[in-house]
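**Q** Chains Y and V are the protein sequences, given in the same order.
Take 2 as the starting number for the first sequence in our numbering and just add one per residue.
Take 2 as the starting number for the second sequence in our numbering and just add one per residue.
The reader is advised that the hints may include incorrect statements.
All copies of an identical chain are treated as equivalent in the list; a pair is satisfied when it fits inside any one copy or across any two copies.
Stated by the list, open to error - Taking lysine-lysine pairs in the DSSO-like style, the calculated list, with each CA pair at most 30 Å apart, reads:
#1 K238 <-> K113
#2 K238 <-> K214
#3 K113 <-> K214
#4 K228 <-> K238
#5 K38 <-> K214
#6 K238 <-> K38
Just so you know, the hints here were simulated from the structure itself, not pulled from any lab data.
There are 2 protein chains.
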Amino acid sequence: MHHLKGPQQNHLLAALPVDVNERLYPHMEFVELPLGKVLYESGDTLRYVYFPTNSIVSLLYVMESGASAEISVVGKEGLIGVALFMGGDSTTSRAIVQSAGQAYRLLAQRMKDEFNRHGVLLHTLLRYTQALITQMAQTAVCNRHHSIDQQLCRWLLLSLDRLEGNELVMTQELIANMLGVRREGVTDAAGRLQRLGVIEYHRGHIQVLNRAKLESLSCECYAVVRKESDRLLPWAKNTAKV
Amino acid sequence: MHHLKGPQQNHLLAALPVDVNERLYPHMEFVELPLGKVLYESGDTLRYVYFPTNSIVSLLYVMESGASAEISVVGKEGLIGVALFMGGDSTTSRAIVQSAGQAYRLLAQRMKDEFNRHGVLLHTLLRYTQALITQMAQTAVCNRHHSIDQQLCRWLLLSLDRLEGNELVMTQELIANMLGVRREGVTDAAGRLQRLGVIEYHRGHIQVLNRAKLESLSCECYAVVRKESDRLLPWAKNTAKV
DNA sequence: TGAAGTATGTGCGGTGTCGTACAGAGAATT
DNA sequence: AATTCTCTGTACGACACCGCACATACTTCA
């Protein structure tokens, strides 16, 4: 009974046509998810994808300090383990049961088999998408926990990785819009970085003089995003500059 | 010359095999991206996917108040317009050029053609992934701009949408971990909601008494996520309760 | 019944960011 | 050369949230 009607309680599974259902359902396993259970840890290779029915799972990022921030919530509308079909096999977040209940799960390999017939373009784009998702998640974490000074460092580094030289053409006003803070806050932070000899700026032009120092002043968020991008997009390793 | 070597400056395109290149490159268009140019607005149907070479594009969410927060940055490692192959055709964010430069673009329909041979499972999962991405992006925005009170409302609503009744089994300590704030902050906020008659709680059990009021006290983030989920996952419309 | 553990309430000083206002200095325009 | 505009620097009170300490009340279990 579970194997026919049960999985349909998950809206995602219910939306699939019968032929897909017939391929997948025989391999689905019914599981109880107790409160607090960790489905996967940051960095773990995913062993299953989970389709919740009446349970809720949180995706959260745990910082080096131990502080954490929820990135998103998943219930019967979705699944846990997008990294699997994205092609990354793991994420930088932890999945933890927020509300006890039931779910169905599918072995990782089964899921991957469904995708492996598809083309290279698909897989390439999906891997990139996962890198993008990591960046978004880390932005959320950073907004919650880090100072403007740290966020400015992160932001400068992310931009630098995408440019040729060491100069950014960007006013403090615009940076403030990006970070979602006051322009004056950026002025303060940038002033401090300049006094430390890390950057030098003048009316919309920012030169990075000491990239190593900039990295050390940044929060962990830059390194997390960078490392994950290098992992997921090995063909695009942005060589560090200076 | 541009049509053969140029696009390869984008790492994503460079990573694709020759047969895909041969299909795509003839349709690629070289474009200049001046600083501040808006590639698409929130809600716009995407007309192109952009592959930056030496330009940088920011994805940012603009709030009703006009305040904004950058969700992520895209350069030559990626592309602008993941919503297109995700199946959503539009996003809740704006894409704006952060650093002037060049890019190659491809008509939306060309991109979709590449994917339309693939199965329903794929499309379903990708649409869900886009909904998840929206939630992450909104979490980032919310962390930047809204009070604990507002965030608690958003969080309660997101959880409620995934449960049957009106009761949440959840301590304030755990909610604090999810939101990335102090437990005392949640106690204060929850106390205020209780005094307003919106919720009632007792040692790990939270009853929502007035959902409409809860929605009005929440920031726009809940509605944005909810609306976008309904749009992307029409099969999963979580009927509002109470 | 008593003790230990868990969940919530409250107070207080510290600090990071905000909102606002205004000043100065370089660039662009006339 | 004078004016206007843009970008950056500085100051100050307000406030939200933090870290910490401790009190209270309910629950569990010996």
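**Q** Taking 30 Å as the upper bound on the Cα-Cα distance, should K228 and K238 be classified as within, between, both, or neither?
**A** within (10 Å within a copy, 37 Å between copies)
**Q** At most 30 Å between C-alpha atoms: does K238 with K113 qualify within a copy, between copies, both, or neither?
**A** Classified as both; 25 Å inside a copy, 28 Å across copies.
**Q** Can you give me the call for K238 and K38, within, between, both or neither, at a CA distance of at most 30 Å?
**A** between (36 Å within a copy, 27 Å between copies)
**Q** Which holds for K238 with K214 at a C-alpha limit of 30 Å: within a copy, between copies, both or neither?
**A** within (21 Å within a copy, 49 Å between copies)
**Q** Within a copy, between copies, both or neither: which one fits K113 and K214 at a CA-CA cutoff of 30 Å?
**A** neither (42 Å within a copy, 44 Å between copies)
**Q** If the cut is 30 Å between Cα atoms, do K38 and K214 qualify within a copy, between copies, both or neither?
**A** Classified as neither: same-chain Cα gap 40 Å, cross-chain 32 Å, threshold 30 Å.
Comparing the model with each numbered hint stated earlier shows that hints 3 and 5 do not hold.
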